[in-house]
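A.B. asks: Residue strings, one per chain:
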Amino acid sequence: MIWHITKRELYDNLNSLRFALATVLLFVLMLINAVIHVQEHPERMQKYHDATTASVSALISRTDLFSIAQEGPGNLYKKPSSLYFCAEGGDIFLPDYAYGISRVQIANNLRAFWSLYYPGAFPNVFNVRPDTVKVDWGFVIGYVLSLITILFTFDSISGERERGTLRLMLSNSVPRHTVLIGKFLGALVSISVPFTFAILMNLSIISVSSDVHLGADAWIRLIIIFIIAILYLCLFIALGLLVSSSVQNSVTSLVILLLTWCVFVIFIPSTFASIASGFSSPMTYDEYFKRRNQNIKELKEEYVALLQETRGFPDKKIQIDNEYVAKGTEQEERLSQEQLTQQISQIELARSVTRISPVTLMQHLLEVFVGTGFERHQQFLDNVQRYAREYREFVTDMDRADPNSRHIIGVREGMSQKPVNPESIPAFEDEISLSRDFNAAAIDLFLLILFFVVLMSGTYLRFISVEV
Amino acid sequence: MLETRELTKVYNENVLAVNELNLKVEDGEIYVVLGANGAGKSTTISMLLNFIEPTSGTALVGDIEIPKFPLEAKKHLAYVSENVELYRNFTARQNLSFFAKLGGRKKVSNAELDETLGRVGLAEEAFTRRVKTFSKGMRQRLGIAIAIMKDAQAVLLDEPTSGLDPKGGADFLNLLRQLKEEGKAIFMSTHDIFRAKEIADRIGILVQGNLERELTRDEIQNENLEELYLHYVAGYEPEEEASE
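If you read the sequences in order, they're chains X and Z.
Read in my numbering, the first sequence has 168 at position 150, and its numbers run on one by one without any break.
Read in my numbering, the second sequence has 56 at position 49, and its numbers run on one by one without any break.
These are calculated hints, taken from the structure and not from any lab test.
As the structure is a prediction and not an experimental result, all values here were calculated from the model.
Think of the CB as a built atom: it goes at the ideal place given N, C-alpha and C, for glycine as much as any other residue.
Not the full set, but computed from the structure, chain Z residues with beta-carbon under 10 Å of chain X:
| hint | residue |
| --- | --- |
| 1 | 57 |
| 2 | 78 |
| 3 | 88 |
| 4 | 94 |
| 5 | 96 |
| 6 | 101 |
| 7 | 105 |
| 8 | 110 |
| 9 | 153 |
Okay, derived cross-link-like pairs now, SDA-like style, lysine to any residue, Cα gap no bigger than 20 Å in a straight line:
| hint | chain 1 | residue 1 | chain 2 | residue 2 |
| --- | --- | --- | --- | --- |
| 10 | Z | 82 | Z | 69 |
| 11 | Z | 113 | X | 24 |
| 12 | Z | 108 | X | 194 |
| 13 | X | 25 | Z | 96 |
| 14 | Z | 139 | X | 31 |
| 15 | Z | 139 | X | 36 |
| 16 | Z | 75 | X | 486 |
All chains should be modelled from the sequences, with the hints used to inform the complete structure.
C.D. replies: Structure follows, in C-alpha cells:
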C-alpha cells in the first residue's frame, strides 16, 4: 500500500515543473562547483606543497642542536582537504598555518627558545568587494536542497485536502500512517534522485580530472556526507509534511514554511552567531601585544638585575641564562595559548547557540567529514601542539644521548655540540582521522537525528488526529 | 446495511452538529438526507467514514461498528464527494487504478478499468486523458467509477449532484439506480429536493443536527416535498395553511 502511494507521489512530482526546475538548478550548481574545484584545487595543493617544502628546507638546513632548539620548526601548514568542494567551511577566515619561532630577545646575546604562535586570518584586508557565496555542497544542500524540499512538500497534504483526494484516499481501509509514510518516501525519492544524479555528475568531473586525487578515505567520507545530506533532506520533508498537515490550504502552508526556512536557515545562523560572539570577547591583538611587551620588559629587567650578581661566576650565569630562556619561552607560549583559548571559546559559544538551526548542524557535520572549517582547524592545532612536544622531546633526547653535554638546555655551551642528522629531525604531518571526526560529529549528528525524530513524531501525531 | 445509533457529534465550544441520529439504510435502498448548509449532513458522512470521531453513539456497516473497527469497516464503504478533483496529472484510467488498489484490489487489468469507465458513461478517448482537462460532470462520473470498482456494500455520497448540469445530473442518478439494483445500500446527502424526490426510497430531513422527519417512498410521492423541506428548514408555512 505504501508503495502505491509513493509511486503516485513520484509520478506527480516527476511530471511537475518544480521537478524540472529543481533538477536543472541542482545540475547547474553542481557543475559550477566541479569546474571551480578542478581549477582551484591544483593551485591550492601547489601552494601548500611549496610552502611545506620551503619550511622543511629551512628546518633541515640546521645541523647543530642549539639552533634547532632555539629557532624552532618554523611554519607548520594545514593540509588542504581534497574534498574542499564539499564544504569550504569558512576556511578563508581561518589561518592555514601556525609557526614555531624564537622572537623574544632577553638580552643582547640571549634569546628565548621558540614558542608556538597562532596567526589570525584577515581575508578582506585587500578586498573591499562584498563576499560572494561559495557554491559548495554545503550551500547546495543547506540552502538550495532545503528550499526545494519545501517547494515539494508544502502542498503534500494540504493540496490533497483542497482537491478532496485526501478524503477519498482515507475512505479506503488505509491507515493514516501508511499515507504519511508513502508521502514521505515519495518526496524523499523525488528529491534525492535528481540530487544523487547531480552529485554523481559532479564527482565524475572531479574524479576524471588528473589534478584531483580522491583516495579510499575520501570516498568513505563522501558516502558519509551523502548520508548526512539525506538525513537533512528527511528533516525538511518532515517539516513540510507537518506544516502541510496542520493548515487548511497550500498557500498558508507555503508562507509558513518559507518564513520558517528564512528564520532557521538564514536568520538564526548569522544573527545568533553575532549575538553569541558578543558575550565572549577574546583578547584583541592590541591587548595581546601590550601584554607581551610588558612581559618581555619585566623579564629583561629581572634578568639584568640578576646579571649583576653573576659577574665572576660563569656557571651561575649559565644557570640564570637557562632559567630565563625557559621562562621567556614559557610565558610567550602561555600568552599565545591564552589568546587562542579565548578565540576558540568565542567560536564554540557561537557554534553552540546556532545549533538550534538544522543548516548549522549540517554545515558542522559536512565540515567535520570534509576536513575544513573550525573542527578541522582544531584538529590541525592539536597536531601542531603534539608536534611541538615531539620536537622538544627530540631536542632533549638528542642532548641526553651525548655524554659530553652538560644538559643545560637553553644555552649553547650547556648543550650537546654534536652535529645533528637533518633526516632525524621530526617532520610535521597534519593528519586527519576518521574516528576522531566521528567523535567531533557526535553531538551535531545526534541533534540532527533528534530534530528529525521530533518533527516526524509531530507530523505523525498531527496527521493521525487531523480532521479531513 | 448501514445504520446509525444515537450518533452524536458536538464540536468544541458546545456546537452541536449531529444529535442522536438514528437511521438505517437497507441493502438495495437509496436513503437521501436533505438539509441546509450546516445541518449536519457532511458531519454524518464524516463520522460514517471515521474521518471524525463521534462524541457518542455509534454507526455500523453490516455488523461492523465503524468507530471501533474503522479499517475493517472502510472495506465495505465507498465514498463519492461533492467535488471530486482527483489527481489532475493522472489520466482517468490511472486515477481509477490507483484508488482500486487503495481499495484493496491487488491487480486490475486495463480491460476491467475501461469497462468500468465505459459503464459510467465516459467516452473512450477520455480514458487516457489527464483529469485536469475533465469537466465537473466527467470527474463525478469518474468518482462513481471509483466507487463501483471498490464494489463496497454501502456507498456514501456527499452532495454529488451539486454543480452538475441537468443531463449530467440525470445520468448520475441513473448510475445510482444501477448501484441500487446491485443491492448496495446508498446514503446520499443533498439539498437538491427535486433529485432527492426522483431517486430516494426514503428521505430524512436534517435540521441543526436533528432528524426532524423521515419520509417513505409513498410519502415522498404524495407530499409536497418542497413545502415540507422549507417548513422544516426555514420555518416556512404553506399559503393555504396560513390563510386557514
